[in-house]
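With the hints as extra help, turn the sequences into a complete structure.
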Amino acid sequence: KDTVVHPGVVKKLEEYYEHFLSRTGGSLLTDYEIPSEHAWITDFFGNDCSVLGDPYISNCHYDMAGAMLQHLYNNTLSAPTVPYGGLPENLLSLNQLEFFPGLWTSETISLHDIGYVYVPTARQQQALCRLFVMLHGCLMYPDKIGTTSLNHSGLHRWAETNNIIVLWPQARTNALNPNGCFDWWGFTGPEYASN
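Per the numbering used here: the sequence shown = residues 1222 to 1416.
Please note that a few of the clues may not be correct.
[As the list claims (entries may be wrong)] 25 angstroms max Cα-Cα, derived SDA-like pairs, lysine to any residue:
#1 1365 x 1330
#2 1222 x 1356
#3 1222 x 1274
#4 1232 x 1244
#5 1222 x 1300
#6 1222 x 1244
#7 1232 x 1253
#8 1365 x 1292
#9 1233 x 1412
#10 1365 x 1344
#11 1232 x 1330
#12 1232 x 1365
#13 1365 x 1309
#14 1365 x 1272
#15 1365 x 1302
#16 1365 x 1349
#17 1222 x 1292
#18 1222 x 1266
#19 1233 x 1270
#20 1365 x 1347
#21 1365 x 1264
[Stated by the list, open to error] Taking CB as the label site, the calculated pair distances span:
#22 1236 x 1400: 23 to 29 angstroms
#23 1349 x 1271: 38 to 44 angstroms
#24 1319 x 1352: 27 to 33 angstroms
#25 1326 x 1400: 16 to 22 angstroms
#26 1410 x 1342: 39 to 45 angstroms
#27 1342 x 1294: 17 to 23 angstroms
#28 1342 x 1240: 36 to 42 angstroms
#29 1364 x 1273: 16 to 22 angstroms
Keep in mind that the hints were calculated from the coordinates and are not lab data. C-beta: ideal position from N, C-alpha, C; glycine also.
Laid out in C-alpha cells, this is it:
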C-alpha cells in the first residue's frame, strides 16, 4: 500500500542486496503482507496503518523492530521486559560534528550536528553489548519530528533487554536532500553506497 516508494522498487532493492548477501551467507527479511503506507511499523504507536504523514510511524499491530532484530540476531533475543520506549534516561545525545571529514559542514554533508545513542543499563555497568546502527527514514530528521522516531520505534525496549547499543545518526536537509534522507539511491553521487 506504500504510495511513496513503489513495492516494485523495494523488490529490486531486495534483489540488489541479496546479490551481495549471497556471498556471505546472509539473508534479508521482508514482509509484503502488511497493508501499510510508507512508514516505520509498530504494534503500539503511530498513525493508522493506512495513513501517510508525520511522524511516519504507523501502528499496524506488528512489531517490526522485534522481527528485524530477531532476524539479525538469529532468533536469540529475549522478549522485552521494559516499556516500549526503553528507559528514557538511557537515550543520550552526541556531537556528530567531530565525525565530519575535513572541511565538510553539517549542511554540505547533510548530517545534523546532533545524533543519539541508546545505551542499555547493562552497558553502563560495564557489560559487553552488541551495536545496532539505525538510519532513520526520510522526513524523520530531528528538526521535523524531534526524537519521536527514536522513542517510538520499539527498538529501545529490545535493546535494553538484550544489551544492544542503538546508534542513531541524524540526517538533515540541504539543497540536494530536501527531505532529510540518508542516501540509499544515489543523490550524493555514484559512490553513495560506499561513503
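Structure-based check of all given hints:
Using a Cα cut-off of 25 angstroms, the hinted pair residue 1365 and residue 1330 holds, with the two alpha carbons roughly 18 angstroms apart. Taking the CA atoms of residue 1222 and residue 1356, the gap is near 22 angstroms; set against the 25 angstroms cutoff, the hint holds. About 14 angstroms separates the Cα atoms of residue 1222 and residue 1274, which keeps this hinted pair within 25 angstroms; it holds. The straight-line distance between the Cα atoms of residue 1232 and residue 1244 is roughly 19 angstroms, inside the 25 angstroms bound, and the hint therefore holds.
A C-alpha spacing of about 29 angstroms is found between residue 1222 and residue 1300, which places the hinted pair above 25 angstroms, so the restraint is violated. With a CA separation close to 32 angstroms, the supplied pair residue 1222 and residue 1244 exceeds the 25 angstroms bound. Using a Cα cut-off of 25 angstroms, the hinted pair residue 1232 and residue 1253 holds, with the two alpha carbons roughly 10 angstroms apart. At most 25 angstroms may separate the alpha-carbon atoms for a hinted pair to count; residue 1365 and residue 1292 exceed this at roughly 30 angstroms.
Note on residue 1233 and residue 1412: the hinted pairing holds, with a Cα-Cα distance of about 19 angstroms set against a maximum of 25 angstroms. Between residue 1365 and residue 1344 the CA atoms are separated by roughly 30 angstroms; this puts the pair beyond 25 angstroms, and the hint is violated. Between residue 1232 and residue 1330, the direct Cα distance comes to roughly 29 angstroms. Violation of the 25 angstroms bound is thereby established for this hinted pair. With a C-alpha separation of about 29 angstroms, the suggested pairing of residue 1232 with residue 1365 is violated against the 25 angstroms cut-off.
For the given pair, residue 1365 sits about 20 angstroms from residue 1309 by alpha-carbon distance, which is consistent with the 25 angstroms threshold. A C-alpha spacing of about 18 angstroms is found between residue 1365 and residue 1272, which places the hinted pair at or below 25 angstroms, so the restraint holds. Distance restraint check for residue 1365 and residue 1302: the Cα-Cα separation of roughly 30 angstroms exceeds the 25 angstroms cut-off, and the hinted pair is therefore not satisfied. Between residue 1365 and residue 1349 the CA atoms are separated by roughly 34 angstroms; this puts the pair beyond 25 angstroms, and the hint is violated.
Note on residue 1222 and residue 1292: the hinted pairing holds, with a Cα-Cα distance of about 24 angstroms set against a maximum of 25 angstroms. In summary, the hint linking residue 1222 to residue 1266 is supported, as the alpha carbons are separated by about 19 angstroms, within the 25 angstroms threshold. Of the pairs offered as hints, the one joining residue 1233 and residue 1270 holds, with about 24 angstroms between alpha carbons and a cut-off of 25 angstroms not exceeded. Pair hint residue 1365 plus residue 1347 does not hold up; C-alpha atoms about 35 angstroms apart against a cutoff of 25 angstroms.
For the suggested pair residue 1365 and residue 1264, the alpha carbons sit about 23 angstroms apart, so the restraint of at most 25 angstroms is met. Distance hint check for residue 1236 and residue 1400: the Cβ-Cβ separation is about 25 angstroms, which falls inside the suggested range of 23 to 29 angstroms. Taking the beta carbon of each, residue 1349 and residue 1271 are about 42 angstroms apart, inside 38 to 44 angstroms as hinted. Checked against the hint of 27 to 33 angstroms, the C-beta distance between residue 1319 and residue 1352 comes to roughly 18 angstroms, which is inconsistent with it.
Hint check: residue 1326 to residue 1400, Cβ distance near 19 angstroms, so the stated range 16 to 22 angstroms holds. At roughly 41 angstroms, the beta-carbon separation of residue 1410 and residue 1342 lies within the given 39 to 45 angstroms, and the hint holds. Residue 1342 and residue 1294 have their C-beta atoms about 19 angstroms apart, which keeps the hinted 17 to 23 angstroms range intact. Look at residue 1342 against residue 1240: about 39 angstroms separates their beta carbons, and that is inside 36 to 42 angstroms.
Roughly 20 angstroms separates the CB atoms of residue 1364 and residue 1273, a value that falls within the hinted 16 to 22 angstroms.
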